[in-house]
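We have chain A; now place chain B onto it with these hints.
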Amino acid sequence: MALLRYAYYPGCASHEITKEANETTIVVAARLGIELVDMPKANCCGAGLLTDYDYPLSLALNARIFAEAESLGLDIMTICSTCLMVMNTANRDLRNSPELLEKTNAILARTGLRYGGNVKIKQLLWVLAGDYGIGNLKKQVVKPLNWIKAAPFYGCHSLRPSDALGFDDPMKPWSLEAVIEALGAESVDFKGKTKCCGFQIDLVDEETAAKMTATRLLDGKGKGANCFVTPCPFCHINLDNYQSLAEKAASKKISMPIFHLAQLVGLALGLSSGEMKLSRHLVSPEKIIK
Amino acid sequence: MKIKFKIKRYNPAEGEPAEPYFQAYTLDVEEGMSVLDALLKIADEQDTTLSFRRSCRSSICGSCAVNINGFARLSCATQVMPEYAKMGDMVIEPLSNHVPLKDLIVDFNPFWSRIEKVAPYLTPTSRRARRRGDVPARENDGARVTARDEEAIDKSQRCIMCGCCNSECNALEIDDRYIGPAALAKAWRLVGDVREGNSRKRLERLSEEHGMWNCVRCVHCTQYCPKSVSPLKQIESLRSRAMKEGVLDNPGAKHVEAMADSVKRVGRLDEAAMTFRTLGFLRSLGMIPFGLKMERHGKMPKPLLFPQIENIAEVRDIYEEAERLEKEDRERKKG
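Protein sequences appear in the order of chains A and B.
The opening position of the first sequence corresponds to residue 667 in the working numbering, with each subsequent residue numbered one higher.
The opening position of the second sequence corresponds to residue 7 in the working numbering, with each subsequent residue numbered one higher.
Just chain A, same shape as in the assembly (with noise of 0.2 Å):
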């Protein structure tokens, strides 16, 4: 198999926050042979939020990103869906419109970058689902995750808008539920798995974010699954570290552990829940884990 590379782009909330989600990445895919290069320039997205403050100026940040990994001659692998969202759907108008890429880079000019709209933007599931393979990933399996019913939760970005991502179906995904079975894992099918996890408005309005949040955890819960698995740091926010707020709000118990996708895949490559960083979680998995 060829060599896999990328420009890393892990986003800021695994900078910070859901840092263990950047470091067990890391372990990941040095372990599977992918190799990550760094992107130390490289600046917010915007989350969205910048689309709403200034298009024009989001379009331009999101180029600075672009024209750091053209200068590398790497396409992108992030570990957020919001940020896959954001810089797909910013590279889909810049390379839709050769006016709208002039114009962006007329904002640029003064850095002296120059995006030439020549880089793709991929997330660590597409990695493992596409250019690295199912077959290829389930024979680096050393430890079969067989008690795990794993609810796939892909949220929003990742899917939606499909005209700008394009890996996957939203009607019909198959990638999280190809991985987890990958890795010798259960995955439970539920209605919530494509629905938002409320993170938008978390600071908008608590309430509405707190119960959608309960929801989607209710949702996969009543379906038999004994922990969720998300590609996505911004659902893992809302889903784990929120998920007392979501009791509060549904008033009933939820318990239910939440994995970064390369958490699970760690496990399952052999990695102890240590490496896998599991006790930085405030729902402790540690207790489905063998």
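These aren't lab readings, by the way, just hints derived from the structure by calculation.
No false leads were mixed into what you were given.
Listed next, the in silico EDC-like pairs over lysine to aspartate or glutamate satisfying Cα-Cα at most 20 Å (straight line):
#1 A/857 with B/89
#2 A/769 with B/337
#3 A/857 with B/95
#4 A/769 with B/334
#5 A/769 with B/323
#6 A/769 with B/155
#7 A/809 with A/952
#8 A/707 with B/267
#9 A/769 with B/335
#10 B/333 with A/768
#11 A/877 with B/182
#12 A/838 with B/89
#13 A/838 with B/95
#14 B/340 with B/157
#15 B/233 with A/759
#16 B/299 with A/872
#17 B/260 with A/873
#18 B/12 with B/34
#19 B/161 with A/829
#20 A/707 with B/326
#21 B/333 with A/765
#22 A/685 with B/301
#23 A/769 with B/329
#24 B/239 with B/156
#25 A/707 with A/736
#26 B/161 with A/759
#27 B/92 with A/829
#28 A/919 with A/873
#29 B/239 with A/829
One side of the interface only, derived from the structure: several residues of chain A facing chain B at Cβ under 7 Å:
#30 683
#31 710
#32 715
#33 718
#34 723
#35 773
#36 776
#37 837
#38 861
#39 870
#40 907
By construction, the Cβ of each residue, glycine as well, lies at the ideal position given by its N, Cα and C atoms.
Coordinates of chain B only, in the frame set by chain A:
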């Protein structure tokens, strides 16, 4: 080819089941048949009591929207064969986030009330008010709408009021007081119109609770809109306009402002500062016990340790350039 249609039935009449239930119909289908064709055939040949709305059969009237295999679509614009081949099933239900009246027919009154909330008609500045100088003269004062002016609101005018976006909206699913994507797309149709005289007043009203800042950016509305209205894009346009017009005294706008400052300052999202600025001092104090709980797992964001990205000066240059070029563009348009 025969396939099974599982259709959600409901009849509020006495003697009927109190709760909605599924009824299966087996139907001969062929290439080129739409879901609406199938519903008409079932009603025609098998069950005259099956109720659903429809009119034009060509994606113009917007009355035949239903849930097909879990997602809101126009039944006239959804082909049976490819849908069945992909999803392996044919489950037809009334729109979500709407109350069923009978079978696939839902109560549309709440939909219209939401549209009415945004006063869905142009309110141009009156000549008298302009003469008196009560309102600042706008760039184009309603005299002419150029092709470029129209482009800004073009997509929002394509809406056929079918309700697919409201049906898919995750914020509406949880908060039934939320105004919803259909009304917000319509609001941009008016706020973004150069002839409109009350844009700022509209933006202030839209910034109230359960308004435009309550969109959760789930992108369902934009994914499933059958006319490519992209309601999320229109919501973003409303929010950007509010930021530019200085309608900032609400958590949504403060959140965006804090983000813009954070990226300019360190190149990244500074979570501690964002929370503090969005919630204000008192509400942030309330977060402390919760923050301490997170801190036990090392999850409390610490603003002071936050490292700057390399070459932060480039990011600041980009902010300045974007602003300068926009100003230039505005002045060119004026002159």
